[in-house]
Amino acid sequence: MRDSLLSEIRRALEFDRAHVVVVADAETLAALPRWLADGVRDEIVIVPFPLHDIGEDAVAELPERVAAAIGTAEPTFPGDTLAGAPHRTRVALVVPDALAIDPEALRTLHRIAEGTGMRQRLILLADAAEGSDDPARELASRLGEGVSKIDPEGARPPRPSERSEDPVDEAVELPAPSPQPPRLAKPRRRSRPIAVRRGSRRGRSRAGIAWLTGAALLAGCALLVPDVLPQGFLRPADADGVGSGSAGFRTWNHPTRSGQPPHAGRVPPLLRPMRPGAGSAPLVLRTRGPLVGPVDEADLPPVGLPHPGALPAAPRARPVRTEPVATGTPTAPAPTAKPEPRRITVSLNAQPWADLEIDGRPVGATPIATLRLREGEHRVVATFPDGRVVERTIEVDSLRSRFRID
Amino acid sequence: MPQRRTPRTRATALRGGRRALAIGACLLGLVGAPAAARAATDEAPEYASLVRSVSEVESLIRDAHFRTAVGVAESTREWADRIPSRPEVRELRSRLQVLLATAWIALGQDDDARRAMRRAVAVWPLLELDTDSSSPRVVALWRAVRSDQHAAGGSR
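Protein chains in written order, with this note's numbering: chain R, 1 to 406; chain S, 1 to 156.
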C-alpha cells in the first residue's frame with residue numbers, strides 16, 4: 001500500500017499544482033512524512049484526514065479542511081476556484097484504504113468530488129488483502145453508478161521498483177467533471193516556476209541586474225559603433241536629414257556628405273530610437289511557468305507537512321510586507337498600525353428559520369451565506385417564528401465560518 | 001319462443017359472473033405480480049438513494065454548508081432525472097429542487113434560485129410549502145414562481 005500511495009501522490013502531482021488530500025488511518029498518516037522524505041515532500045501539501053473521522057458529517061466537512069489547510073480565507077471548495085487562490089484549483093483526494101471506509105461515506109466523497117466544478121481527482125486505492133479478489137470491482141460496486149473509469153494504469157500490479165510487500169494494489173480513478181480534461185501526460189517540472197515577484201527582494205535584484213546589463217551593453221555599443229563600423233556604413237543624412245542604422249536606431253553623430261554634421265551647433269543625442277516612444281518599451285521577462293501575477297509569499301504552497309495530529313490545520317496568516325524603501329532622506333519610523341482583521345464570509349442558518357441581528361444590525365432572515373464579518377467575536381440575536389429569541393456569541397475565523405442557530 | 005328468466009336463474013347468472021371476475025383477477029395477479037415485484041426491486045435502490053441524497057442535502061443546508069449542498073444536489077439531480085417518473089419520485093425531485101433553491105438563495109444567486117424553484121413547481125405542480133416552517137425568503141420565491149406560472153398559463 002505504501003508504494004502505491006506514494007506513486008499515486010506522484011501521479012497526483014502531475015495534475016498540475018495539485019494539492020493532495022490523503023485520507024488514511026492514523027498509522028499511515030504518521031508514517032507519511034517519513035515516506036515522503038525523498039524529495040516529494042517539498043512540493044505538496046498533505047491534508048491529513050484520519051480514517052476514523054470518515055462519516056457523512058466528516059466528509060461534508062472535508063472541503064473546509066482542505067481550504068483551511070491550503071490557506072484560503074473563504075473555503076469554497078465546491079466552487080469554480082478556491083477563492084483568492086486561482087492557481088490552486090486542483091486538488092487530488094487520495095484515499096489509500098478505500099475499502100475500509102463506510103460505503104455511504106465513500107459515495108458522499110464521490111458526490112462531492114463529482115458535483116463540484118473544481119478540477120480535482122478522487123483516487124481510491126484498495127488493497128486486495130482487505131478480503132476482495134477484485135478490489136477495483138468491489139470499489140465500483142460500492143460506489144454504484146458514477147464510476148466512470150477504472151484506471152488501467154492504476155490497476156496494474158506495481159512495477160518491480162515500486163513493488164511492496166502487499167500483494168496487489170489497485171486504483172479506481174474518478175475524473176472530475178472539468179470542462180477541460182487534466183493534462184496528465186505533461187511531466188511536472190521539478191523546479192518552481194521562475195516568477196519575478198513584484199516587490200520581493202529577489203525579484204528586485206534580478207530586475208536590477210537585467211537593467212544594469214542592458215544599460216552597459218547599450219553604452220558599450222554606443223561607444224564602439226563609431227569606431228568599429230566602417231565609415232559610411234551608417235548612411236548620413238537622408239532626405240529628412242538623419243541617417244538610419246541597421247540596428248534600428250537613427251544616428252546623428254556622423255558627418256554628412258557635405259562634411260558637416262546635420263545638427264551642427266547643437267549637442268545631438270548619441271542614440272535615438274527609430275520611433276518615438278519605442279525606447280521606453282518595458283523590459284519583458286518571459287517565464288516558462290504559468291503567469292501567476294504578483295505573488296505574495298503567503299500565496300505559495302507551504303513547504304513541508306503539517307503534523308498529522310494537528311487537525312484541523314491552522315490557517316497561515318498572510319504577513320504584511322514591511323520591507324524598507326530606500327530613499328534619499330532618512331524618515332522617522334512609521335507608527336506600527338494594528339492590522340485590520342480579515343473579513344470572512346459567514347454562513348448562517350436556523351431551524352426552521354429566524355430573523356437575525358448581528359452586533360445590533362438586522363441582517364434579514366436565514367438562510368444567509370453572503371455575510372462578510374470581521375474575524376473575532378460577534379453577537380447574534382435570532383428571533384424565531386414562534387417568538388423565541390436566542391442570543392449567541394459566535395467566534396469567526398477562517399476555520400469557523402458556518403453557524404447553525406437552534 | 002323466448003325463455004323468460006326466473007329470479008332464480010338471474011341469481012345464478014350473477015353468481016357465475018362474479019366467479020368469473022374473481023378468477024380473472026386471480027389470473028391477472030398471478031401474471032402481473034412478478035413483473036410488478038421485479039419493477040419495484042429495480043427501482044427500489046434508486047429510490048432509496050434518492051431519499052438518502054435528499055436527506056443529505058437537507059442536513060447540509062441545516063448546517064449551513066450551502067455550497068456543498070449545491071454540489072450534492074446538482075449531482076443528485078443528474079441521475080435522479082433518469083429514475084422512472086412515479087409520484088413519490090417526482091415529489092422527491094421537487095423537494096430536491098426546493099432545497100437547491102434554498103441553497104442558492106442563501107448564496108445570493110437569485111437567478112439560479114428562481115430556476116431551481118421553477119423546476120420544482122414543474123416537476124410537482126401540487127407543491128405546497130409550509131409557510132410557518134419555511135424561510136420567508138423561500139416562500140416569497142415560491143409564490144413569485146407560482147404566480148409567474150399562473151400568469152403564463154392564463155395568457156395562453
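A hint or two may mislead.
Unchecked claim - Not close to chain S: a few residues of chain R, all C-beta gaps over 12 Å, as computed: (1) 209; (2) 210; (3) 346; (4) 381; (5) 404.
Unchecked claim - Which chain R residues face chain S? A few, computed with CB under 8 Å, are given here: (6) 352; (7) 363; (8) 367; (9) 368; (10) 369; (11) 398; (12) 402; (13) 403.
As the list claims (entries may be wrong) - With the Cβ distance kept under 8 Å, some of the chain R side facing chain S (calculated, not the full set): (14) 347; (15) 348; (16) 349; (17) 365; (18) 366; (19) 370; (20) 383; (21) 384; (22) 385.
Keep in mind that the hints were calculated from the coordinates and are not lab data.
Every residue gets a Cβ at the ideal spot worked out from N, C-alpha and C, and that includes glycine.
Fill in: Hint check, residue 367 of chain R versus chain S [nearest Cβ-Cβ separation less than 8 Å]
4 Å, holds
Discussion item. Given residue 347 of chain R as an interface hint, is its Cβ closer than 8 Å to any Cβ of chain S?
Written reply: 4 Å, holds
Worksheet item: For the hint on residue 402 of chain R, does the least C-beta distance to chain S fall short of 8 Å?
Response: Constraint on residue 402 of chain R satisfied, holds at 4 Å.
Worksheet entry | Status of residue 381 of chain R, Cβ more than 12 Å from any chain S Cβ | 17 Å, holds
Worksheet item: How about residue 403 of chain R: closest beta carbon in chain S under 8 Å, or not?
Response: 6 Å, holds
Worksheet item: Would the hint on residue 368 of chain R stand, with a C-beta cut-off of 8 Å toward chain S?
Response: It holds, given that the least Cβ distance between residue 368 of chain R and chain S is near 6 Å, below 8 Å.
Item to complete: Examine each Cβ of chain S, and state whether all of them lie more than 12 Å from the Cβ of residue 404 of chain R.
Response: At about 5 Å from chain S, residue 404 of chain R fails to clear the 12 Å cut-off, so the statement is violated.
Item to complete: Under 8 Å, Cβ to Cβ, is where residue 365 of chain R needs to be relative to chain S, so tell me if that hint holds or is violated.
Response: Holds - the Cβ of residue 365 of chain R comes within 8 Å of chain S, reaching about 5 Å at its closest.
Discussion item. Given residue 398 of chain R as an interface hint, is its Cβ closer than 8 Å to any Cβ of chain S?
Written reply: For residue 398 of chain R, the interface hint is violated, since the closest Cβ of chain S sits about 16 Å away, which is over 8 Å.
Practice prompt. Find the nearest Cβ of chain S to the Cβ of residue 210 of chain R and say whether that gap is larger than 12 Å.
Written response: 44 Å, holds
Item to complete: With a cut-off of 8 Å on the beta carbons, see whether residue 369 of chain R makes it to chain S.
Response: With a minimum Cβ separation of about 4 Å from chain S (threshold 8 Å), the hint on residue 369 of chain R holds.
Item to complete: Let me know if the C-beta of residue 366 of chain R comes in closer than 8 Å to any C-beta of chain S, holds or violated.
Response: 6 Å, holds
The structure is inconsistent with the numbered hints 3, 5, 7, 11, 20 and 21, although it conforms to all the rest.
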